[in-house]
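Peer 1: In order, the protein sequences belong to chains V and L.
In terms of numbering that gives the first Met the number 0, the first sequence opens at residue 0 and continues consecutively.
In terms of numbering that gives the first Met the number 0, the second sequence opens at residue 0 and continues consecutively.
Among these hints, one or two may not hold up.
Claimed, not checked - Label-pair restraints from in silico Cβ distances:
#1 V:V8 - L:Q89: 43 to 53 Å
#2 V:Q17 - L:G57: 24 to 34 Å
#3 V:V90 - L:G57: 24 to 34 Å
#4 L:P9 - V:I18: 16 to 26 Å
#5 V:E52 - L:T7: 18 to 28 Å
#6 L:D93 - V:S119: 29 to 39 Å
In short, the hints are calculated from the structure, not lab data.
For every residue, glycine included, the Cβ atom is placed at its ideal position computed from N, Cα and C.
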Amino acid sequence: MDKIPILKVGKCLLVTIQIDMHDRLAMALQDDLTNAIVSTKSKGVLIDVSALEIVDSFIGRMLSNIASASRVLDAVTIVVGMRPHVAITLVELGVQLSGIRTARNVDKGLETINRLIEQSESTDADGDD
Amino acid sequence: MLTETIETVPIRSSEDIVRVRQKVRFHADAMGMSLIDQTKIITAASEIARNTFEYGGGGELLLEILRDGARRGLRLTFSDEGPGIADIEQAMRDHFTTGGGLGLGLGGAKRLVNEFDIKSQPGEGTRISLIRWK
Ligand SMILES: Nc1ncnc2c1ncn2[C@@H]1O[C@H](COP(=O)(O)OP(=O)(O)O)[C@@H](O)[C@H]1O
Ligand SMILES: [Mg+2]
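Only chain V is shown next, with the shape it has when bound in the complex (with noise of 0.2 Å):
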């Protein structure tokens, strides 16, 4: 495989991580997803890491730079479903996820993606005011 798809789901994008990724391949995600933010316009992106079973510092570097390339184009990123045991070691490893947003699966995700735009959505309208 030589790409991640990316699904666009309402206006979040989402993105289920299901293989042990190379270097690059992280990179190109990392890249397709910040243009795909802005192609689809999309306000939120969710990204499922459930199925991998290591975080090195690699992947952590390239989930802290999507979350705050997105933060910059106007959208929330929330990492869902990272296993104990990679979190346990990631924190051990010395990697800090502090800007990301997280939750436990991918329906919590939406719910909390969606209340976020929602509540920008209104603050945007009311600053016109």
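We have chain V; now place chain L with the ligands onto it with these hints.
Peer 2: Then chain L with the ligands, alone, in the frame of chain V:
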């Protein structure tokens, strides 16, 4: 202590780094390591394999199973013939990087294993071995 060599894995591309993770997982699982121990050694291996490829110009992994009385462990030795590291203490420090990474590979890998050994000389390459006991 008894040492049983399992195999060597070349590290010449970013696909090889994936292969390293898969091999380490296979042998850690076959040894009966817990999921959390497997995750730690695979993550450490991924970090060091990437350094071998990115900074060492490629190299290889030697996989061994250690038996020390009733204790069993997995030893991973990564070697390359790249530029080597002049100041190992500095390289080991968290957040130090010369390549725009997070600078957590060496320090982080050390935290994730039971034994960590690094030998490196400028011009002579780098050899790092990791042991995780079951
Ligand atoms: N095999 C190697 N050969 C030469 N230099 C290395 C090697 N491994 C690590 N280094 C040096 O040590 C630094 C720290 O490595 P690491 O902790 O993995 O962080 P990062 O990979 O993010 O730079 C690297 O930036 C590099 O300068
Ligand atoms: Mg590194």
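Peer 1: Checking against the hints above, which ones are violated?
Peer 2: none
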